[in-house]
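Participant: For reference, the chains in residue letters:
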Amino acid sequence: MSILDSKIPEGPLADKWTKHKNDINLVNPANKRLIDVIIVGTGLAGGSAAATLAELGYNVKAFCFQDSPRRAHSIAAQGGINAAKNYQGDGDSTYRLFYDTVKGGDYRSREANVYRLAEVSTNIIDQCVAQGVPFAREYGGLLDNRSFGGVLVSRTFYAKGQTGQQLLLGAYAAMNRQIGRGKIKMYTRHEMLDVVVVDGKARGIIARNLVTGEIERHSAHAVVLGTGGYGNAFYLSTYAMGSNVTAAWKAHKRGAFFSNPCYTQIHPTCIPVSGDHQSKLTLMSESLRNDGRIWVPKHKKDVEAIRNGSLKPTDLAEEDRDYYLERRYPAFGNLVPRDVASRAAKERCDAGYGVNQTGEAVYLDFAAAIERYGKEQAYVKGLNVDDKALVTKLGKEVVENKYGNLFQMYEKIVDQNPYETPMMIYPAVHYTMGGLWVDYNLMTTVPGLYAIGEANFSDHGANRLGASALMQGLADGYFVLPYTIGDYLAHDIRTGPIPTDTKEFDEAEQKVRGDIDKLVNNKGTKSVDHFHKRLGKIMWNKCGMARNEKDLKDAISEIAALREEFYKDVFVPGTDNEYNEELAKAGRVADFLELGELFAKDALEREESAGGHFRDEYQTETGEAMRRKEFQYVSAWEYKGQPSEAVHHKESLEYKNIEVKERSYK
Amino acid sequence: MMNLTLKIWRQKDANDKGQIVDYPVSDISPDMSFLEMLDVLNQELIEKGESPVAFDHDCREGICGTCSLYINGRAHGPSTKITACQLHMRSFNDGDTIYIEPWRAKAFPVVKDLIVDRSSFDRIQQAGGFISVNTSGNTQDANAIPIEKHNADMAFDAATCIGCGACVASCKNSSAMLFVSAKVSQFALLPQGQVEATDRVLNMVKQMDDEGFGNCTNTGACEVECPKGISLENIARMNREYLAASFKG
Amino acid sequence: MSGILNSSIGRKFAMALSALFLMVFLLQHFAINILSVFSPDTFNEVSHFMGTFWVIQYVLQPVLIFGVVFHFVMGFVLEYKNWNARQVGYAKTSRSANSTWMSRNMLLTGAVVLAFMILHFIDFWIPEINTKYIVGDTSGLIDPANTESGFRYYEELVHKFHHPLRVGAYVLSFVLLSLHLLHGFNSAFQSVGANNKYTKGLKGFSKVYAIGVPLGFVVIALFHHFTH
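Chains A, B and C supply the protein sequences, listed in that same order. Taking the numbering used here as reference, the numbering of the first sequence is continuous, increasing by one, and the terminal residue is 666. Taking the numbering used here as reference, the numbering of the second sequence is continuous, increasing by one, and the terminal residue is 249. Taking the numbering used here as reference, the numbering of the third sequence is continuous, increasing by one, and the terminal residue is 228.
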């Protein structure tokens, strides 16, 4: 048996969570006052967990590196949140949401966790509405739903294109209530730099005050990480500039296994890179693929003409365009899942059909939708459907109503009017399915150390469906962790406050100070960004949308070499006792430089293609992902001093309630 | 490609007096965002061994509300309905001089250079910007109370506030009324918010006053500069709510 | 309720209420003054009534005085607090990009109107109070000994608009009052919480009022200046 015990309760799938809740230990309300919990990260997962634990009576200390908990990057999620409410009466159910999520994850997620996620999804919507989250409504006053990629029902709740923002502000409000009551002590502009493990249990953290540079010790009976994903290892991504892996990585170094780092979601509809100065990529909502048709020119000569400006894309004849998604996947067309759409775009661009200067962009064209809607409107209004100008005008109005804010955003960034000329899009790193390994209770391999939300690995397998990230973050924070953590803390009611003047805290603080001193006093010649950009290039070119053995091996050695160079030659201006963003960045990039290597190592080990992980060697004759039965397991890496020495553990995945099938979108 | 002169507020820490310092930058692409232009400057400063300009930023897609630059006399620069991170250099011309200053308000003390402390906003929210409902999994069904679409939409529009502080920065009085009224309005427009309406508005306004923000003189600058276009109607709604609450309480 | 004037919104509410009251007063004042252009006799009779009717003299006049004083004092209090809310200013501002000159300069326009009010008090109100309550002459006649001499109000009015400098100051004050009202009228409604489709309909009226009423006063002044 593996050393990984997932602690999945016995019994039928549908009863596991209820049974588990009935079986686990509880902490009585009077004793909760004696227990401290540290929560790092205040996004959907961390924020909702902090609020709920404080409501229950625990003393919570919450940490975020931003200047306010409201700014965590959950705020940028656009599309929506799934819940098996079946308000539309279209046959949705807990089982269907479970099924779609497991299938969407390419059968690489844990059945019991996903089922629980689907089960509590409905509570999330109830809770959020009670908190005053202004979801979109129909004229009858009831909640509206929209549909998202990869599923056959309409179960996505949304608040225009700002669902993440509204949900996060809901959790933030719940936190504020507890901060006002003194049950949460909030530490903003603080970055966690180590976990303190005492007698094998997580008992505190070392944090740096980003304003003053002070190193602080904070103790608690349990530590929860809701610190998000590590997509910024790619430098360019849709993540916030500050998103980082540091908290998770420090936990990893203290004994928490890191799972499936190679599972990364590359979102197909992002605004392409415009030049070397680019710091960040912007996502255009997946909903655009409902009406936009994706294409590149059929002939290289037209590609050349478009690139040098002598041909406008709108002037290219229909028969000279290659609507490659519609060609390759007639059944799903432009609405294939994210991983499939992204790879197809890469395939065309690699073949030389990219339509911008960098050769890394495809068109997302709304002309057909404008014409279709325009004709519809003209017909409804009894106007001339053959009047081209009128039809275009009416069609643009419909498109503006649906996607106006996205079109405006595009125009602001690219300076082209997407109503007149097709949008240019290209895939970008967007989400990481991998993360710290957790059991059914969301506890890592370090007792008392929990990981929730994107920071853990558990629910999305190898690919996440749209509108499921928000669901998972809130499910973990509001409805799962508050129960499961009690089971652990029930043993700590007589422990009393954890002292911070112990040798374990001394050692951890010394280590943090040592790392910082090394960076500040390095006095090299190159900036932190210099190394981060180079790491990003390696990651994108060799561990990106398609990977192969040679590239991955190269990546491993290149990243190791880059790391060595970083420590030799990085220059961090300023000192450690002031606000010093370069220093904070340096620490984060140092961790990315280690994670990146493990990422490549994991991708190399996984000799199959599944979801966001595509290996050139493992594809079908038609270029589709080839999953392999012998890789039906979770990889969990144990830290042993160097990424190259990480020890591989496996948790095998069993599917008893769902048939493992090929994913086909043809 | 553009060459520009930047006039940037430099202040070592909260106690430093601070001053405007001139920096020339060259070869700026019009496709860069304003913050990417500052990245270029900072890389140059770092290469020269000088201290880079500290400025707040995070999501760089206009939603987190972190960036907070007063550019050429306007919050988030010359365009409207965007944040500084969404401002692109094509809005400027070769040879321009650009002033870059932090938000200015007594309630937003400078932390360093262009970074200010906006925790006063958090404290206002902590005073009442919430609905007191515990997480239980047993709240009533989300569709139990229908809400008129018009009100739901208005509540959403108010709720889109990103808490950046452009309203305070633009207001000649450093008033936070638009920010506070957005949250008060969101809840005032929803049935769930009614229960605590009286205390909420009284407590939030009291906290707002205690933080040292100025009074609203209805100049409307906040509405014009708000990246999310939060309407002045929210301020009127908060005034109503506040007056009703005062006479009641 | 008792502490309402300690809050920013309460102060603005009180400011708006006093403003609305003063705007009603101003309209009333204008209505009477314009009579002087059309009919000196009617003007005299109405003036005499206003100057002697006890409700106006002992109830409304003190309220008015309180309203005026309150509006000015509170205006300065608010401005002081606003000034205090930003202790370090901007090196560069482009305020005209997001707000009107009128809205930003209520203190300036208000201060000029205050200066005018002081002049106005010295010109009319103090002599009036002196005549009526110190000297004890409530007859309103040019010559109290002679009932045939006629009311003095029209004569006094005409006399004051004789000197061009005074007329100039008067005109300037009303231009600034107009600017004050162009912002203040709608602002008062916003401050009491009225911003809806009705107040939006009021915007047109507010312009007519803010320009029309001060312009009317100016016309009256110029009329008397040039016709006498």
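Mixed in with the good hints, there may be bad ones.
The calculated lysine-lysine pairs, modelled on DSBU-like cross-linking and capped at a C-alpha distance of 35 Å, are [unchecked claim]: (1) A:Lys661 x A:Lys585; (2) A:Lys298 x A:Lys185; (3) C:Lys160 x B:Lys81; (4) B:Lys248 x A:Lys183; (5) A:Lys412 x B:Lys106; (6) C:Lys197 x B:Lys81.
In short, the hints are calculated from the structure, not lab data.
Participant: If a hint holds in the structure, say so; if it does not, say that too.
Facilitator: Right, here's what the structure says about each hint:
{"no.": "1", "hint": "A:Lys661 x A:Lys585", "verdict": "43 Å, violated"}
{"no.": "2", "hint": "A:Lys298 x A:Lys185", "verdict": "60 Å, violated"}
{"no.": "3", "hint": "C:Lys160 x B:Lys81", "verdict": "53 Å, violated"}
{"no.": "4", "hint": "B:Lys248 x A:Lys183", "verdict": "30 Å, holds"}
{"no.": "5", "hint": "A:Lys412 x B:Lys106", "verdict": "33 Å, holds"}
{"no.": "6", "hint": "C:Lys197 x B:Lys81", "verdict": "24 Å, holds"}
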